[in-house]
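Engineer: Listed below, chain by chain, are the residues.
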Amino acid sequence: MSKFKKKAEVKQEIPTSSMPDVVFMLLFFFMVTTEMRKSSIKVKQQIPKAAQLRKLERKTLVANLYIGQPTEAKFGTEEKIQANDAFINTDDIIRWVNEEKSKLAEAEREQLTIAIKGDKDAKRGIIADVETELRKGNARKVLYTAADNAAAKKN
Amino acid sequence: MARSTPEIPNASMADIAFLLLTFFLVTTTINNDKGLSIGLPPPPDPNKNEEVKMQEKNIFKIQVNSSDALLVEGEPMEDVSGLKDMIIAFVKNKGVDPASSESPEKAIVSFKTDRGTSHKRFVEILDIIQGAYYDIYAEQAGVTNKEFREAASQLADAEKKAIYERGKKDYPMNISIAEPTKVGN
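Top to bottom, those sequences are chains A and B.
First residue of the first sequence: 1, per the working numbering; consecutive thereafter.
First residue of the second sequence: 1001, per the working numbering; consecutive thereafter.
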């Protein structure tokens, strides 16, 4: 029986002197990309996937509507529309659109884009109702928010 | 004589950085401002009850029912992979096939859903329809599909706008999203 060779006594240490630099780099990345969320989203948000995405030209001209089932059971299972921080009914949408428009400069009001962030299981019915109200409220630029579909990247 | 230089202890720097990093990692939400962009039609005018007559052959009908099943030109369709090419062929027909569209201006892709259709399916099909148009535009402008879509988001840039306009020429994106039917809810 041969004996095992004695392990060479070489110190194996990962150099850590550059760790702070690496961490700082990550830190700066997150600091730059981060955006504090103004409102907590109270509806389910699993965004559907699509390939033919378009980027929004200017973020300031966007108002978000979140549509989906409420995450908390006390609000029931019916799909709800969330604007800013509260649930709204379809009847309130015109008023909400006008509020959002009044936040913008006069010349930019017509360029307001409504980003509909619909949950993938949300039903078409409620979203169509929202669209009808948006048409009445004269906010006709709509963006269905979608995630990039990695499978269709070849396009 | 060597003077001792004052030094800030930096052993804890990594810890501090980690702490900050964790904070930003937790609070960060990378904003997703991408999606399918459409323009809604103006609200219906109650005083004007105009019934627009369209020729059947100029309409490419896509219907989705409440259980997300697809009907294309009256035929059920399981696999959507061929749909894009069908739309492209329909839009670019220009009267060659008498049963298909007369011209790209007259060609309309009609997309009708049900109230019970899921948003996921809706986005999937709308994605295909828009993809067909973007493919046509990109080909006309001589760029790739992705480049064209990027150009379309940067119309302030004159060069990008030229690409956009060259691509869109003669091919209006006539996508009609009809009011959903009321079977499922």
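Do not take every clue at face value.
Claimed, not checked - Subject to a maximum C-alpha distance of 27 Å in a straight line, what follows is the list of computed DSS-like cross-link-like pairs (lysine-lysine):
1) B/LYS1084 - A/LYS141
2) A/LYS59 - B/LYS1168
3) B/LYS1169 - A/LYS44
4) B/LYS1034 - A/LYS136
5) A/LYS103 - B/LYS1168
6) B/LYS1053 - A/LYS59
7) B/LYS1034 - A/LYS59
8) B/LYS1106 - A/LYS42
9) B/LYS1094 - A/LYS55
10) B/LYS1084 - A/LYS49
11) B/LYS1161 - B/LYS1120
12) A/LYS141 - B/LYS1106
13) A/LYS55 - B/LYS1146
14) B/LYS1146 - A/LYS103
I should point out that these hints are in silico values taken from the structure, not numbers from a laboratory.
Source: prediction; values computed, not measured.
Engineer: Of all the hints given earlier, name the ones this structure violates by number, lowest first.
Structural biologist: 3, 5, 6, 8, 9, 11 and 14
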